[in-house]
Amino acid sequence: MAKFQVRFNSDKCKGCELCRAFCPKGIIVMSTAINSKGYSPASISDQEACVGCQSCALVCPDGAIEIYKEETSE
Amino acid sequence: MAKFQVRFNSDKCKGCELCRAFCPKGIIVMSTAINSKGYSPASISDQEACVGCQSCALVCPDGAIEIYKEETSE
Amino acid sequence: MKPVFTYTKGMTAVDTSYCPGCTHGIAHRLIAETLEEMGKLGDAIGVAPIGCAVQAHKFMNVEMCESAHGRAPAVASGIKRVHPDKLVFTYQGDGDLASIGMGEIVHAAARGEKICTFFINNCIYGMTSGQMAPTTLIGQKTTTSQEGRTREQAGMPIKMSELLSNLDCAVYIERVALNSPANIRAAKKAVRRAFEVQEKKLGFAFVELLSTCPTNWGVTPQDAMKWLGDKMIPYYPLGVFRNPEEVRA
Amino acid sequence: MKPVFTYTKGMTAVDTSYCPGCTHGIAHRLIAETLEEMGKLGDAIGVAPIGCAVQAHKFMNVEMCESAHGRAPAVASGIKRVHPDKLVFTYQGDGDLASIGMGEIVHAAARGEKICTFFINNCIYGMTSGQMAPTTLIGQKTTTSQEGRTREQAGMPIKMSELLSNLDCAVYIERVALNSPANIRAAKKAVRRAFEVQEKKLGFAFVELLSTCPTNWGVTPQDAMKWLGDKMIPYYPLGVFRNPEEVRA
Amino acid sequence: MTEKVLMKGNEAFAEAAIRGGARFYFGYPITPQSEIPEYLSRELPRRGGTFLQAESELGAVNMAYGAAAAGGDVFLSSSSPGIALMQEGMSFLCSSEVPVVILNVSRGGPGIGGIQPGQADYFQATRGGGNGDYKLIVFAPASVQEAIDLIYEAVPLANAWQNPVFILADGILGQMMEPVRLPEPRPFLEEKDIRAKKPWALTGYGGDDSGRRIVKSLRMQPDELEAHVEKLFRKYERAQKELCRYESVGIEDADIVFVAFGTVSRIARESIDLLAAQGIKAGLIRPISLWPFPYAAFDALGKKTKLVISAELSMGQLIEDVKLGVNGRYPVALIHRTGGMLPTSVEVADKARQLYQDIIKG
Amino acid sequence: MTEKVLMKGNEAFAEAAIRGGARFYFGYPITPQSEIPEYLSRELPRRGGTFLQAESELGAVNMAYGAAAAGGDVFLSSSSPGIALMQEGMSFLCSSEVPVVILNVSRGGPGIGGIQPGQADYFQATRGGGNGDYKLIVFAPASVQEAIDLIYEAVPLANAWQNPVFILADGILGQMMEPVRLPEPRPFLEEKDIRAKKPWALTGYGGDDSGRRIVKSLRMQPDELEAHVEKLFRKYERAQKELCRYESVGIEDADIVFVAFGTVSRIARESIDLLAAQGIKAGLIRPISLWPFPYAAFDALGKKTKLVISAELSMGQLIEDVKLGVNGRYPVALIHRTGGMLPTSVEVADKARQLYQDIIKG
Amino acid sequence: MSTTKLFFAGSGGQGILLMGQMITYAAMLEDKAATFLPSYGPEMRGGTANCTVIVSDAPVGCPLIYEADAVVVMNLPSLIKFEPMVKPGGLLLINTAIVNQPAKRSDIRVLEIPVNDIAMDLGNPKVGNMVMLGALVRATNVVSEDAIRQVMHKTFTGEKAKLNDANMQAFAYYKQYA
Amino acid sequence: MSTTKLFFAGSGGQGILLMGQMITYAAMLEDKAATFLPSYGPEMRGGTANCTVIVSDAPVGCPLIYEADAVVVMNLPSLIKFEPMVKPGGLLLINTAIVNQPAKRSDIRVLEIPVNDIAMDLGNPKVGNMVMLGALVRATNVVSEDAIRQVMHKTFTGEKAKLNDANMQAFAYYKQYA
Ligand SMILES: Cc1ncc(C[n+]2csc(CCOP(=O)(O)OP(=O)(O)O)c2C)c(N)n1
Ligand SMILES: Cc1ncc(C[n+]2csc(CCOP(=O)(O)OP(=O)(O)O)c2C)c(N)n1
Ligand code: SF4
Ligand code: SF4
Ligand code: SF4
Ligand code: SF4
Ligand code: SF4
Ligand code: SF4
Ligand SMILES: [Mg+2]
Ligand SMILES: [Mg+2]
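Chains as they are written, first to last, in my numbering: chain A, 637 to 710; chain B, 637 to 710; chain C, 1231 to 1479; chain D, 1231 to 1479; chain E, 42 to 403; chain F, 42 to 403; chain G, 59 to 236; chain H, 59 to 236.
Next up, chain A with everything else stripped away, as it sits in the complex:
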C-alpha cells in the first residue's frame, strides 16, 4: 500500500496544471476527459511514487487536492 494518498476533487479542478508542474515526482497527469466546468482535471498516475511533499496541494488555487498518509499505527 502506498504511503501517501493524493485525492483530487475533479469537480473543483480547473485544469491549471500547476500541481503537475510542481510535483517533484512527475506523477500528476491531466485527464483527457472534461469535467462539469469544462476543464481537463488533474489526477495521479503513480500513487506509490508519491513522497507526500504536499507541493501539489500547496500550489492548487482551487482547493482540489487532499493528501492522506498511511497511519503508522496501522
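Treat each hint with caution, since some may be false.
Derived coverage of chain D by chain E (criterion: at least 3 residues anywhere in the stretch with Cβ under 8 Å from a Cβ of chain E; other residues may be distant) [what the hints assert, rightly or not]:
| id | region |
| --- | --- |
| 1 | 1247-1254 |
| 2 | 1287-1301 |
| 3 | 1371-1378 |
| 4 | 1463-1470 |
Honestly, the hints are just simulated from the structure, not real lab data.
None of these values were measured; they are calculated from a predicted model.
Yeah, the Cβ is synthetic: ideal placement off N, Cα and C, and Gly gets one too.
Given chain A, work out where chains B, C, D, E, F, G and H with the ligands should sit, using these hints.
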C-alpha cells in the same frame, strides 16, 4: 553716514516683531503708532549700528524691509 | 489514512470565480487556513474592495464586506472601531491599493490601525482586463502600455512594502510570493504573523503577496509562476521589512 | 546707496492675507525671488490648493490656478503636459498634501512628474482654524486633539520627505526650515535647486518647508519660530533626502 | 425635559447626535462645520464613543460605511465640497442599506465657492449626486432646536429604514446660537447587542457560520440587480407615505403661497407679515422632509391663490419640486439669492408683491 | 466624407475625440469603457497627443482640470461609479469655466452595481451631483454614429461655452459595433497658439505681467460669488435658447407620446410600429440634449394625445423633466427597467397599450 | 410684540462676541426668544469680529439683520463700515478711546464712551467690553441688569469667578459716567 | 423591410465574436444596416462568449435581441441556455463535434455540424468557426458569400493573409457537406 540703510515700509508691516527678534544688533524697535492696517510697525532705532546682515529682511514675512549699502565708489 | 493536507473550513463549498491557475485562490486558502488554525473564523471580518476578489465573501467562510474601489482600509478602520477584538482584515489588489486607494492605505498604516492588509500584487488590473497598474514592471505589456511600460511615460513601479515601511505604526510588513510550494509555506507564516500582530494590538500589519494573473499576462499558469520568480521578485524583493519584537520570536 | 536686499518683482503689490508673523509670506518670497532671479516669472505656472495660501495668486506674480483641496499635483500634472517647457509648481499645506492629497502627491512623485512641489508643513490645518493634521506632533494640542495628539489615537506624524524618498522618480527631495535667517537662506537654495531639476527635466522635485502658524498654535510669531526649532526639527530633521547628480554640484 | 441652554448650532448638532445614540463619528475639517468634529473629538471619547479624524471626506464616508456595516450608530458631517466627494459613498450606503446619519452644513458654491450659507446642494441631496437609482431621506431644519430634534431622531430612523438619513442645514444654523432644550441621551448600542439588534450587521458569526453575514453592493447579473433596486424602491415608496413632513401657514386662502425651507423659511415668515400690512395675504409651505417631498401639501391650495413662489438660496432647485407639486395648477415663480447672500424679508416681500401684481394685472 | 467602417462604440468614441481635437486624455480603467483608455494609450502618443493614466478618477478629473485650464483640449471618460467620484471636480470645472469633454458610458447602479447599461445617472448629469449651482451641457446619443458626431462637436462646443460638455452614453453603445463614418480630423491646437486662442488659459505671461491670468473658484465675499454665479447663469440661459436638441416622430396626432433617449429610444421606435399594428398611433420625443432639456418639444403635442410615457432605464428620472415639460397638460406615465435590464419593444408596446386603455376607459 | 436688533463690531481681542453672547444668554434667562450670529470663517483672521443679536417676545425670524436698533462699534473701521446700519432713530455706541472720528449721521442717537480709558481708570484694561455692555443695556433695556448679573456668574466660574467683581463694576460704571 | 437577427454562443477560444463581426462587416459592405453586440465584462472570464448580430434594410432599432432568426451554439452549455431563443420556425446550428446532446425543440430547423471534426479533416483545427459561418450564411442568406470573401481579405491581412485560403476552404465546406 551709516554703511547700511534699512528701510521699513510701514504700510506693509504687520508688527509681527520677527525682524526685531532676529536682529543681532537689537536695533529694531516697534512703533507706538498704528498703521493703516491697525498694526504697530517696526522701525530702526540706530541705523549706524546696522551691520547689514539682512537677518531682518530674510525673516520678514511681509516684504516690508529693504536694505541699501553705501556705494564704495562714492 | 490520516489527513495531512485537507480542505479548510475557512473556505466555503462555492467554486471560486477565478481563472484557472490564478493565485487569488491560493491567497484565499492561506488566510482561511490561518484563521481556522487560530480558531478565529467566526471572529474575523474581512473587507474586499472591487477587483477580481470582490466576491471573496462567497469563497471565504468569514463575514465580509465589499467596499468601493480603493477604500477598504477606511472601511476596515470603521469596522475595527466597532469591534476592537475581532480580527479585521482587508484583501486588496494592486490597482486597488497602490493606485486609487493610496491615500487610504497610507493613512491606515500611519494611524497604526489594528488591522491586517493582504495585498495581492499581480502587477496588473485583473478585473478590468489587463490595464497597467502602478506596480506594472518596466517593459511589461498591458492594454494601456502596449509597447511595454516605460519609466518616462509612467514612472517606476511603486514598492508598497518599502513605502509603508516609513510609517512608524506599520509594525509588521513582509513581502512573500505565491510562486512555489516553499514560498507559499513562507507566505502562510507571514499571514499568521500578521494576524498575531493584530491580536496583540501592536499596530498595522501588511503582507504583500506577489501573485499571478495568467489571463491578463497572456501566459499559462505555469509560465506565470515562472515570470513571477524571474521578473517580479528581482524588482520586488521578498523579506520582512518591519517586524515588532513581540512576534519576531 | 546700492540696494542689497529689496522687493522682488515676483511678489505683487497686494498685501498678503496671512496673519502677522506667518511664514507663508517668507515661503512666497523665496519662490518669487528665485523665479525672478532665474528670469522665469513669465514662464512659470503655479497651483495653490485650498488652504491659507489658496489666494497665493494674488501675491505671487506668476500665472496661477487654484485647485480643489489635495489635488494640486494632479492639476499640475495636467498643466505640465500642455506646457512641457514651463516651470510648473504646486504650493501645498500639510493638511492638503499629507492628508486628503496623499494619493495625488505619491503618484505625481512616482510618475516622476517634471514639476516642483513646495510643501508648507506647519503641523496644523491653518485655514480651517487649527485642527490636527497628519503632521501634527505627538503631544501637540489642536482643536481636534485637545489633550495633545497621542500615538494611540492618531498614529505617528507622517514624514513626507522620507516617505517620498522611496520613489525612484522623485529625484530631488529636501527638507528646510523657515525659522532663522540662516535656515531661510538654505531654504532658498533648495527652492532654486528644485526649479533647476525641473528645468533639466530630471524628475519630480520636492521641498518641504517647515513653517509656523502662530495663530493656530496660539503663540507669538517669535515663539512660533522657537517651537519650530525646538520641536519640529528634532522630529522632522533637515537635510537632502534625494539629489540627482546633475544638480549636486 | 432638560433645561434651556444657549449653544452654537454646530455644537448643538454634535451633542444631539451623541444623545441620539451616535457613538461613532468620522469626519474631516471644513468650514462652516468644523466645530462639530472639534466638539466630538473632546466629547465622544469621554462618553464612551469614538471620534476618528479621517484623512479626507472619502476616508470619512468609507469609515462610516464600515462602522455602520458593523452595526455601529454613526454620525458624519461635512459641508458642500466635502459632501460632493462623498457621492460615490452615498450611493454605496444606499445600495448596501447601511444606515448612517449625515449632516451637510452647506455653503455657497459651485467649486470651492465661499463659506456663507447656501441651499444649492438641494438637487444633490434630493436627486442623488452619486450613480444609480437611490434615495437619501433628507430633512431640512429651520432652527437650531429643530436641527437638534431631527438629528436626535435620525439615528433610530436611519436604523429603522436601513438607509442614510441626511440633514441639510446651512452655515447660519451651524454658526448661530439660540436657546435650545437638549433631549435626554439615549444609551449607546453596545457591541454585544449588535448581533441581535441588527440582523444584517457584520459582527463575526461566532460559532455558527450558518448565520454568516455579508454586506455587498455588486450584483453582476442585471436581473438580480434590478430585483434589488426594486426592493429598495418598495422601501422608498413606503417612505413616501410615512416620512413626508411639512408645516404650512395660512395657505388655504392665501393670495400668494411661499415655499421655503431652512433659514429662508424664517425670512419668508417675516415677509408674510410685511405683505399683510400691504393687504396681500401670503401663506407658507415649509417642507421639512425634502425627500420624500411633501407634494401633497399643494392639494390644500385654494381658489384664491394666484401665485406660488419658491424662495431659496440657489438659482432655482427647490422650484422644480414646487412645480412638480403644483403640476400646472398655479403659476410658479422664483425669488432667490445665491453664493452665500440672503434676501431680506423686505426684499422678498417687495419681489413677491411685484410678481403678484404682474399676475393680477394679467 | 470618409468611408464607412465598422468599429466598436468605445473605440469609435475615442477616435472621434481625437478627430474632434482632443489632444489630451486622462482616465482610469473601468468597465464598460476601458477600451477608450486602451485605444488612446496607443493612438494619442502616435498622433502627437498625450495619454496619461491617472491614479484614480479624482486624479483624472483634476489632471483634466489642469490641462484644460492651461488651454489644452481635453477628453475624459469613465463609467458611473467613477463619474460619481468626479462630482467635486465637475463643480470646480463649471465654477472656473474650464472646458472639458466628459463621457459617461454608464452602467447599472447604485453602488458598484453591475456593468450592464443604465440611465440612472440622469439626475447626476442634469441636476449636478457636485455642490452648488452649476450646469453641465449634456448630450445623449442613440447610436454609435451619433455619439461620434456629438463627441466630435463637443470639443469646440466646450471651448465656445467655456463649460464642460458631458456625453451620457450607455454600456450598449460602448460595446456594440455599427457601421459608421468618421469625420475628418481637426488639427490639434498647438501650444504656441493657446495664448491667443484662449484668452483665459494659463500659459505663463511671458514678458508682460499685465496680462497675468488666474484660474480660480474661491470667492469668499458672497456678493462677489453671487455675481459670479449669476454670470454663469446668464450663460446657461443663453445655452437654453441655443443648445436644445431633440428629434420628434409623429407626435402631433399621436395617441401616446413616448419620451426616451439613448438606446431606449431605439426600442421605443420599434414599439411604435408594434402599436401601429394594433391601431394605436404612438409618437416619440427623443431628447438629444438632456441639459438644456427640450421642454418646448411638448408644445407640439396636440388634442389627440391621451398619454405621455417616459421610457427609461431607471426608476424614474427622465420622467421629472417630462412632467416639467408637460406641466399638467397630459397624464404622464413611466415604463422602465433598471439595474442593467432592458425592456423589449414588445414589453414597452404592451405596457403602453395597457396604460393607454386604462386612460381611455377612464 | 417687541423685537430688538443689535449689532456689535470691533477687532479680534475686544470681546465683541462675548458681549453679544451675554445679551443672548440674558434674554434666554428672561424667557425671551433670542439669536446670536457671529461672522465666521477666515476673514476673522484679518482681525475683525462682529455679531448680530436679536431679542424678541416672539420666535425670531431670520437671525441676520440689515438694520439695527443699536450698533456698538469698538474701532474705527467698524464705525466707517457699520454706522449706516443703525436704523433712523436708533442708537450708535462708539468706543471713543480708540475711535478718533465722530459719527456722521444726525438722524440717530449717538453715545460716545471711551471704554478703554474707563477700564484703565478702573484698574483693569480688560473690562472695556463690560463698560460698553453696561451702557448698551441701560440705553436699550433689551435685557435687565439683573439678568446680566446672573449671566456673569454663570459665565465666569471656577478660576475666572474672581473676575466677576471687576466685571460688574465695569458694567455698572456707565450709570455714574452718564 | 427585412431584418435578420442572429445569435452566436460558445466558449472563449472558439472564435464566436469573429463570426459575428464578419457577418456585420459583410452586411456593411452590402450597404445594409447592421449591429454587433458582444456580451462583455468579467463574466467572459468564465470562458463563455456570445454576441448578437442584427442585419437589416432599415436602421436597426435595439441591438439587443430576445428572439433570433438563427442561433449558433458551439458548446453544450450554450445549447442548453440558448436553444429557447430561436424563434418558432427559426434555425439552430449546433456544433455536434462538441455538443453530444440533441436539440429539444421540434418547431425549429436544426442543422447539426461537427465543425471541429470537419476542421480537423481539413487539416486546420482552427477553422471550425469558418465552417460554421459557411453553414450559417448559406442557410440564412443574411449576407452574400462574396461579401464574406471580401471581409476575409480585409480582416486577415499581412502575416495572417496566408490563412485566407484555409478559411475560405472551410467556409465553402458546408456546401459539400450538405
Ligand atoms: C471608482 C472605480 N473606478 C474604477 C473601477 C473599475 N475597477 C474595478 S476593479 C479595478 C482594478 C482591479 O485591479 P486590482 O485591484 O489590481 O485587482 P485584481 O483584479 O488585479 O486582483 C478597477 C480599475 C471601479 N470599480 N470603481
Ligand atoms: C474637500 C474639502 N475638504 C475640506 C476643506 C476645508 N479645508 C480648507 S483648507 C484645509 C486645510 C488647510 O490646512 P493646510 O493644508 O495645512 O494649509 P494651511 O492653511 O495650514 O497653510 C481644509 C481642511 C475643503 N476646502 N475642501
Ligand atoms: S504530494 Fe508531492 S509527490 Fe505527491 S503528488 Fe503531490 S507533489 Fe507529487
Ligand atoms: S492545481 Fe488544482 S486546479 Fe490546477 S490542475 Fe491541479 S488540481 Fe486542478
Ligand atoms: S540688517 Fe541685520 S543688523 Fe541691520 S537691522 Fe537688519 S538684522 Fe539688524
Ligand atoms: S518682520 Fe516685517 S512685518 Fe514683521 S514687524 Fe518686522 S517689518 Fe513688520
Ligand atoms: S483576471 Fe487575473 S487576477 Fe483576475 S481571476 Fe483571472 S487570473 Fe486571476
Ligand atoms: S492661520 Fe496660520 S497658516 Fe494661516 S495665515 Fe494665519 S498663521 Fe499663517
Ligand atoms: Mg491586480
Ligand atoms: Mg498646514
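How the hints compare with the structure:
Closer than 8 Å: that is the beta-carbon criterion, and the region 1247-1254 of chain D has 0 residues meeting it against chain E, so the requirement of 3 is violated. Three residues within the 8 Å Cβ limit are the bar, and the region 1287-1301 of chain D against chain E gives 4, so the coverage statement holds. Using a Cβ-Cβ cut-off of 8 Å, 4 residues of the region 1371-1378 of chain D lie near chain E, which meets the minimum of three, so the contact claim holds. Taking a C-beta to C-beta cut-off of 8 Å, the region 1463-1470 of chain D contributes 0 residues in contact with chain E, too few for the three needed, and the coverage statement is violated.
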